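Peer 1: Letter by letter, the chains look like this.
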Amino acid sequence: MDKDDTLTLEAATETLTGAQMVIRALKDQGVTHLFGYPGGAVLPIYDALFKANDITHVLVRHEQGAVHAAEGYARSTGKPGVVLVTSGPGATNAVTGLTDALMDSIPLVVLTGQVPTHLIGTDAFQECDTVGITRPCTKHNWLVKNVNDLSRVLHEAFDIATTGRPGPVVVDIPKDVQFQTGDYHGPQAIHHRTYRPKTEPDAGAIARAVEMMAAAKRPIIYSGGGIINSGPEASKLLRELVDLTGFPITSTLMGLGAFPASRPEWLGLVGMHGTWEANNAMHDCDLMINLGARFDDRVTGKVSAFSPGSKKIHLDIDASQINKIVHVELGIVADATKALREIVRVWKAGKHKVQADGLKAWWKQIDTWRQKKSLSYRNSDRLIKPQYAIDRLYALTRDKGEVYITTEVGQHQMWAAQRFHFEEPNRWMTSGGLGTMGYGLPAAVGVQMAHPDALVIDIAGEASVQMTMQEMSTAIQYDLPIKIFILNNEYMGMVRQWQEILHGGRYSHSYSEALPDFVKMAEAFGCVGLRAERPDELDGKIKEMLSVRKPVLFDCRVDPTENCYPMIPSGAAHNEMLLSPDDGGEISDAGKMLV
Amino acid sequence: MHDTKIKLSDEVERHTLTVLVDNEAGVLARVVGLFSGRGYNIESLTVAEVDPVSRTSRITIVTSGTPAVIEQIENQLRRLVPTHKVTNWTDMKDGQKAGIEREMALIKVAGSGEKRVEALRMADAFRARPVDTTHASFVFEITGAPSKIDSFIDLMRPLGLVEVSRTGVAAISRGPEAM
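If you read the protein sequences in the order shown, they are chains R and B. Counting from 1, one number per residue, gives the positions in the first sequence under our numbering. Counting from 1, one number per residue, gives the positions in the second sequence under our numbering.
Derived by calculation from the structure, the hints in this document are not laboratory data. Heads up, a few of these hints could be off.
Here are some chain B residues the structure puts well away from chain R; computed CB gaps all over 10 Å [stated by the list, open to error]:
1. THR46
2. VAL53
3. VAL164
Derived pair list, reagent style DSSO-like, types lysine-lysine, alpha-carbon separation capped at 30 Å [as the list claims (entries may be wrong)]:
4. LYS400(R) x LYS217(R)
5. LYS145(R) x LYS148(B)
6. LYS93(B) x LYS198(R)
7. LYS338(R) x LYS85(B)
8. LYS198(R) x LYS97(B)
9. LYS85(B) x LYS198(R)
10. LYS97(B) x LYS324(R)
What the simulated footprint calls covered on chain B by chain R, stretch by stretch (three residues with Cβ under 8 Å from a Cβ of chain R suffice, anywhere in the stretch; the number is not a length) [stated by the list, open to error]:
11. 30-39
12. 62-75
13. 92-102
14. 111-120
Owing to the predicted nature of the structure, the values given are computational and were not obtained by experimental measurement. Virtual Cβ for every residue (Gly too), placed ideally from N, Cα, C.
Pulled out of the complex, with its shape left as it was, chain R reads as follows:
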C-alpha cells in the first residue's frame, strides 16, 4: 500500500493491544517486509504477526543479519527497512547494524522487545539498557512505557527515520506494554514538537552556486550517498546538470551509480583507492562541487593538502556536515533533489554558459591523467587475478537485466567499486562509513527479498563472509538465489596489504588459516558450491553460477599476494598516489597513526 493512500484512512482511533498496534502501524506505514528473530520479550508481537498475512517476516539467523538485510532492502528500494528483535542479546546484536546504518544514512526502524516495565533496572533476564546502548548509534530512540504513546511513537519513528538525513531509529517496547490495551492513532495525526528538517534550498545560495559554476575553469563535481538517499530524481537531475555543463564528475563509494559509469564525464571513484584522474582533478580543480558527500577521511587524505587551490560548494541536508572537516566557501543546506532542481532551473533561466576555453583545457589535462590507466594490472595465465575476476563477473552479467551488488569490506570491496561499473542508483550496497565485514551476505538477502527476479551478487572476501555466513540458511529458507562470489586470497587482504606497506611485511594474524571447504559448506547449507582455481575455467564457472536458480557460494581462488592500487597512502595528499607496488613511497609517522 502506498504511504500517501494510508494518510487519509486512519482518522478514527481504535482500541488495540500494544502488540496489535505494532503490526497495525507497520501496515499503515506500508511495510511489507520485516526482518527479525523472536525471543521472550517480543512474543506478544510475534503472536500478533502470526495472524497478519500481508507482512512477510524474514527469519534471520543472527540479529546483526536482520539489520544488514534491512539495510540492503532499504538501500535497494528507497523504503525504510524494518527489524524486530528481542530484548538483551537481541538488541545488542543489532548494534553493529545500527551503527552501520547511522554512518551510511540508511533509514531503518528497529523494534526491540524489553523486559516488563516493573522489572526495568533490576538486572532481569535478558534485560539491557537498550535506549542507553543505542543512543549514540541511532538518529533517535524511544522507550515506550505507556501503551497510549505507542502508536504516536511508532509513526514518529518512521517519519524521523525517512526524512531529513535518513538514519536508523529504535523503539524499545516493554513486554507488559505489548499486552496492554490502549488507543491506536493512525499516521496522519503526527506533528512532531521539535523535529523540522530543512529541505528547501536558500535562493541566494543557489544563485551564488550557479555563478561560481559559470565562472569555473577547472570544475569537478564530487557526488556522494546523499544523491542516492534523496531518491532517483536526484540522480536524474545530476545527469541533467552534467549535460548542461559538461563538468567532470567523480563520486564517493556511497554515491556510485548516481551517475552512469559509461559516460565520458565519469572519472571513476575518488579517494584512497580512487582513480588517478579523479584524485588529481580533485587536487587541481578551481571549483569543487560537493553534492551530498561529507569529506570523509577516505576521500580527503591529508586534509591540509586537500584540493588547496579550489573554492568549494557543499550541498548537504545535514547542516552539521558543512565546515566539519573542510572549510567551504558556500554551504547549501537542503535536500539534494530540491537543490539540484533549483540549480538546473536557475542555470537554464539565466542562460548561463560555462567557461568554454578553460573547460576545454581542463578536459585536455584530465585526458592526460586518464592515459595513466591507473586501474590497469598485470594479468596472469596461471593465477586468477582478483581484478580479472571482477572484470569477468561484470562482463558476464551485462545481459542479466537488473543486477544488484553487495559487498563485504576490504580489498574485494575496493576492486568491486573500481571495476564493477554502475549505470543506475540503488544497485550498489556496501558498508562505507563503518566498514563492517559481514555486511554483504545479509544485505544480499534483503535486496533479493525486495527484488525477487533480479540478479543479486555479494562480492565477498573469504574472511568477511565467515562473519555472517549463517545467513545462507536464511537464503535457502526463503528461496533467495543470491550469489556469493568470494575472492578467496586466504588473507584478510586489506590488513595484509597494510602490514606489507606499513609494518615491514610482518603478517601478524592476517592469514585465513583453517578455512572451511566452501564448496562442501555450500552443499551442507543446501546451496550450490562452485570453485574456480585457474583463469581459463573462470568464465565457465561464472556462467554456471548465473544459470543456477539457487543460492550459490562461489569460491574464486585468487592470487594471494595481489594488492589494491591505486592507493593514497595514509597521511598523503591526492597527488601523492601509489599506482603499483613499484612506486614505493615513504609513509610518514603521522600517516602510520591513521587507520
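Using the hints provided, position chain B relative to the given structure of chain R.
Peer 2: What follows is chain B alone, placed relative to chain R:
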C-alpha cells in the same frame, strides 16, 4: 544560506550555550553523550525544567574550543531530535555579549581569629552572605558572573577554604526578547 563566515582561528575560546529541549526521558544523556562521544569539553552544566506546561528544559553548557569546533557543537546540538533551539551567549550582539550569565556558589570557610574576620570582610565586599555560621566556620552564598566567583574563591583559599559547591551557569538574553 548557510553561515560560512570565516572561522579559521586556532585559538581556543570559552562559550556559553543554551539548548532548549523537550523534557523527555534521556534528553540530558543525549546532550551529554554528544559531548563525550565527539570529544568536546563541558566546563559546566546547568539543567532544569523551565516550563512544566510545555515540558521544556533549559540546558546551559559552558564549553571551550576553536571557533570551528564551537560551530560544530552548535550544529550537532541542533541535530538532536528533541532540540527546540540553541543559542550561543558568547557571540557578540550590538557590541556586547548576547547574554547575561550568572552562577551561584556555596563556599565553606573554616578558621579563627584574624582570618575569620578577614573572610567575613571580603564576603561583604563581594556581597556574599553567610547562610550557615558556627564558631569555627562560615558557609557563604555568592551570586555573580563565573569570573567573580572564581575571584572570591581565590581570595578565600588562604583564609581557610574547605569546600566549594557551584551551580554552573544560567544565562538569558538582554532586552525584551526571549532566546
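Peer 1: Now tell me, hint by hint, if it's right for this structure.
Peer 2: Quick rundown of the hints versus the structure:
1. Non-interface status of THR46(B) relative to chain R is upheld: no Cβ of that chain comes within 10 Å, the nearest being about 20 Å off.
2. At roughly 13 Å from the closest C-beta of chain R, the C-beta of VAL53(B) stays outside 10 Å, upholding its exclusion from the interface.
3. Every Cβ of chain R is farther than 10 Å from the Cβ of VAL164(B); the closest lies at roughly 31 Å, confirming the non-interface assignment.
4. With a C-alpha separation of about 41 Å, the suggested pair LYS400(R) and LYS217(R) falls outside the 30 Å cut-off, and the hint is violated.
5. Distance restraint check for LYS145(R) and LYS148(B): the Cα-Cα separation of roughly 45 Å exceeds the 30 Å cut-off, and the hinted pair is therefore not satisfied.
6. Our distance criterion of 30 Å between C-alpha atoms is met by LYS93(B) and LYS198(R), whose separation comes to about 25 Å.
7. For a cut-off of 30 Å, the pair hint linking LYS338(R) to LYS85(B) stands: about 25 Å separates their Cα positions.
8. Under the criterion of a C-alpha separation no larger than 30 Å, the hint pairing LYS198(R) with LYS97(B) is consistent with the structure, at around 28 Å.
9. Between LYS85(B) and LYS198(R) the alpha-carbon distance is near 14 Å, which keeps this suggested pair within the 30 Å criterion.
10. With a CA separation close to 25 Å, the supplied pair LYS97(B) and LYS324(R) stays within the 30 Å bound.
11. As drawn, the segment 30-39 of chain B meets chain R at 3 residues by the rule of a beta-carbon pair under 8 Å; at three or more, the given contact holds.
12. Three residues within the 8 Å Cβ limit are the bar, and the segment 62-75 of chain B against chain R gives 4, so the coverage statement holds.
13. Here's how the segment 92-102 of chain B fares: 0 of its residues keep a CB closer than 8 Å to some CB of chain R, so the rule of at least three is not met and the hint is violated.
14. Three residues within the 8 Å Cβ limit are the bar, and the segment 111-120 of chain B against chain R gives 0, so the coverage statement is violated.
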